[in-house]
Amino acid sequence: MRAKARRWEFTMIKNSNTKLKDGIAGGLIYLSATITVAILIVIIGFVLYKGLPGINLKFLTRMWDDVTTVVDVNRNNVTGNNTEAGYVESLGISIALEDEAVVIKSIDNDSPVKDAVNVKKVPYALKKGDVIGKAGSTNFKNITLEEAKLALNEGTGPIKMKVTRPGGGIVPMLVSTIYIIGLTLIIAAPIGICAAIYLNEYAKPGKTLNIIRFAIQNLAGIPSIIYGLFGMLVFVQGFKMSYSILAGSFTLSIMLLPTIISTTEETLKEVPRTYRESSMGLGATKLQTISKIIIPSALPGILVAIILSIGRIVGESAALIWTAGTIAQIPKTLVGSEAAAATLTTKMYWLIKETADLEQASSIAVVLIVLVIALNILSKFITRRFLKKRTS
Amino acid sequence: MKDETKFSVKDLNLFYGNFQALKNINMELYKGQITAFIGPSGCGKSTFLKTINRMNDLVEGVKITGNITMDGVDIYKDMDAITLRTRVGMVFQQPNPFPMSIYDNVAYGPRIHGVRKKSVLDEIVEKSLKQAAIWEEVKDKLKKSALAVSGGQQQRICIARTLAIEPEVILMDEPTSALDPISTLKIEDLATELKKDYTIIIVTHNMQQAGRISDKTAFFLTGEVIEYGDTEQIFNNPRDKKTEDYITGRFG
Numbered sequence: 464m465r466a467k468a469r470r471w472e473f474t475m476i477k478n479s480n481t482k483l484k485d486g487i488a489g490g491l492i493y494l495s496a497t498i499t500v501a502i503l504i505v506i507i508g509f510v511l512y513k514g515l516p517g518i519n520l521k522f523l524t525r526m527w528d529d530v531t532t533v534v535d536v537n538r539n540n541v542t543g544n545n546t547e548a549g550y551v552e553s554l555g556i557s558i559a560l561e562d563e564a565v566v567i568k569s570i571d572n573d574s575p576v577k578d579a580v581n582v583k584k585v586p587y588a589l590k591k592g593d594v595i596g597k598a599g600s601t602n603f604k605n606i607t608l609e610e611a612k613l614a615l616n617e618g619t620g621p622i623k624m625k626v627t628r629p630g631g632g633i634v635p636m637l638v639s640t641i642y643i644i645g646l647t648l649i650i651a652a653p654i655g656i657c658a659a660i661y662l663n664e665y666a667k668p669g670k671t672l673n674i675i676r677f678a679i680q681n682l683a684g685i686p687s688i689i690y691g692l693f694g695m696l697v698f699v700q701g702f703k704m705s706y707s708i709l710a711g712s713f714t715l716s717i718m719l720l721p722t723i724i725s726t727t728e729e730t731l732k733e734v735p736r737t738y739r740e741s742s743m744g745l746g747a748t749k750l751q752t753i754s755k756i757i758i759p760s761a762l763p764g765i766l767v768a769i770i771l772s773i774g775r776i777v778g779e780s781a782a783l784i785w786t787a788g789t790i791a792q793i794p795k796t797l798v799g800s801e802a803a804a805a806t807l808t809t810k811m812y813w814l815i816k817e818t819a820d821l822e823q824a825s826s827i828a829v830v831l832i833v834l835v836i837a838l839n840i841l842s843k844f845i846t847r848r849f850l851k852k853r854t855s
Numbered sequence: 004m005k006d007e008t009k010f011s012v013k014d015l016n017l018f019y020g021n022f023q024a025l026k027n028i029n030m031e032l033y034k035g036q037i038t039a040f041i042g043p044s045g046c047g048k049s050t051f052l053k054t055i056n057r058m059n060d061l062v063e064g065v066k067i068t069g070n071i072t073m074d075g076v077d078i079y080k081d082m083d084a085i086t087l088r089t090r091v092g093m094v095f096q097q098p099n100p101f102p103m104s105i106y107d108n109v110a111y112g113p114r115i116h117g118v119r120k121k122s123v124l125d126e127i128v129e130k131s132l133k134q135a136a137i138w139e140e141v142k143d144k145l146k147k148s149a150l151a152v153s154g155g156q157q158q159r160i161c162i163a164r165t166l167a168i169e170p171e172v173i174l175m176d177e178p179t180s181a182l183d184p185i186s187t188l189k190i191e192d193l194a195t196e197l198k199k200d201y202t203i204i205i206v207t208h209n210m211q212q213a214g215r216i217s218d219k220t221a222f223f224l225t226g227e228v229i230e231y232g233d234t235e236q237i238f239n240n241p242r243d244k245k246t247e248d249y250i251t252g253r254f255g
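Heads up: the protein sequence lines correspond to chains A and B, in order. In the numbering used here, each number is its position in the first sequence, counted from 1, plus 463. In the numbering used here, each number is its position in the second sequence, counted from 1, plus 3.
It is possible that part of the hints are untrue.
Computed beta-carbon distance windows for the label pairs [as the list claims (entries may be wrong)]:
{"no.": "1", "chain 1": "A", "residue 1": "Ile845", "chain 2": "B", "residue 2": "Ser122", "range": "35 to 45 Å"}
{"no.": "2", "chain 1": "B", "residue 1": "Lys130", "chain 2": "A", "residue 2": "Asn681", "range": "54 to 64 Å"}
{"no.": "3", "chain 1": "B", "residue 1": "Asp60", "chain 2": "A", "residue 2": "Pro686", "range": "43 to 53 Å"}
{"no.": "4", "chain 1": "B", "residue 1": "Glu139", "chain 2": "A", "residue 2": "Ile845", "range": "51 to 61 Å"}
{"no.": "5", "chain 1": "A", "residue 1": "Leu841", "chain 2": "B", "residue 2": "Lys144", "range": "24 to 34 Å"}
{"no.": "6", "chain 1": "B", "residue 1": "Lys133", "chain 2": "A", "residue 2": "Lys843", "range": "40 to 50 Å"}
{"no.": "7", "chain 1": "A", "residue 1": "Arg848", "chain 2": "B", "residue 2": "Gly154", "range": "18 to 28 Å"}
No wet-lab data here; the hints were simulated from the structure. This structure is a prediction, so every number in the text was calculated from the model and none was measured. From the three backbone atoms N, C-alpha and C, an ideal C-beta is built for every residue, glycine too.
Let's have the full structure, built from the sequences with the hints guiding it.
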């Protein structure tokens, strides 16, 4: 009787000790999780706080730099029946004063400013938001609305205007990012996928294969700034590409190859061996088996590898700063002076380094975060959808 | 039924690296009959089956000596593996249709050998599925995924897939071991039907199955053929004691 009671007491003490330990452990775990989530919220919150105010339609749709052009506009004498204060009949536009600048507020459908040409006779249609700096011989600095209207309506026939299109937008960076993504994938995807196919389907196990795998694994771990250095030495200077999207894309391709190869290989490994056996058993060649059975089966995984790569390209900064430069322009060529192009990330770097405009940098950061989240959602969606298809 | 030789196997030895999996196999395999290979796990019967359509070529480190001839032609030296495999088809143990529609599965073989016309493919698909005794069950869902049907049906689709390339020989590697008894019987009936037009060699660890459907049986043990002859004789009057022990279940 007594022994039994003692055993029962033992269990009670043991339980309360264990409970305490469990409680502390649980508490620590919850605390760690809370801290992690809190940090994430603080980071995103801070960036949003600084950057959200700067995000508006102008930010998302304009070029970066202000662009000033001299244009010729053929005025017509059609009188509109618009009696607004700022309406200029001969041009079919409405103007207004904003911050002491004369801004085009609206443009009629048949307005001749849509057919404006610059000094090289290239069409340069004026747009809403453009600032008129000079019309004819009248400088529009510190001018009143009435005086501006008079100057614009003065005389007949063509009028020469100096027009400034305000910048402050991220369009060049968005376009450049898309160019770089495209170029990089065109270079890296075929090479990476073929390499993965070789490694998984053709290569004989042995020392050579181990060395190749080791090399790929290590390539994946090299810091991206080293790729930037390499790209600068080899592509920008060595091949004389100067800061260009091609130099950037080549560099990123090299950087992404290990990831593409590894992810594709993982996908290829998941294709059941029995598919290969059945295909060969029917008299197919290895190439037919690969192209008709294995690659189609592996396609979802390859797609995910590509989307992951896109995510990394969007987020890459160090490798691009030293190969594609930080000039915000839409590149017109692949190499040379007109090929330098800043991406969202490299422009952020430039902003922090060269100006003190942390608000603008934060605005770009917000756009970047949204893009990255969108890409993650997309890749999850694709994975889930193809997983369903496979088993249905 | 006169025994007409389809395959002639002479002094066949097979090594996986240093391990000898097949020892001095000598036998004739006959046309238009069902030959069963029986024996305990690891005795080499599947390995031997795979030498007949050169599937062992796909395995690293395999070495083969001796020769196998089909209709008098050496299948290793005088024939290429691709052609051989269009004449000798194989059905595997696990039903493994490709992740495509039933139609595309059966049409896969003809397509990779160059058949493009839809009308011809339609005909081949229908004929093969009928031969595999599964046409009625799937004719209305040819475009559905082959993975969406039961295991027994999948296996018959795999048989149809093999029949579509119009082989002369069908090798079956334990084709019913993953199936339920009813599907098993259906496939056994199928094999018995098919032997009218094809030579069938079936590996099975199910002795009763061998007894039910085969004309000739070969008993394998640790890589050697212990005994080979008419099924009736093997099961009712085995000459070798080891054969008798296996048949009566003393080991297995």
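Hints, one by one, checked against the model:
no.: 1; hint: Ile845/A / Ser122/B: 35 to 45 Å; result: 37 Å, holds
no.: 2; hint: Lys130/B / Asn681/A: 54 to 64 Å; result: 55 Å, holds
no.: 3; hint: Asp60/B / Pro686/A: 43 to 53 Å; result: 45 Å, holds
no.: 4; hint: Glu139/B / Ile845/A: 51 to 61 Å; result: 38 Å, violated
no.: 5; hint: Leu841/A / Lys144/B: 24 to 34 Å; result: 32 Å, holds
no.: 6; hint: Lys133/B / Lys843/A: 40 to 50 Å; result: 44 Å, holds
no.: 7; hint: Arg848/A / Gly154/B: 18 to 28 Å; result: 26 Å, holds
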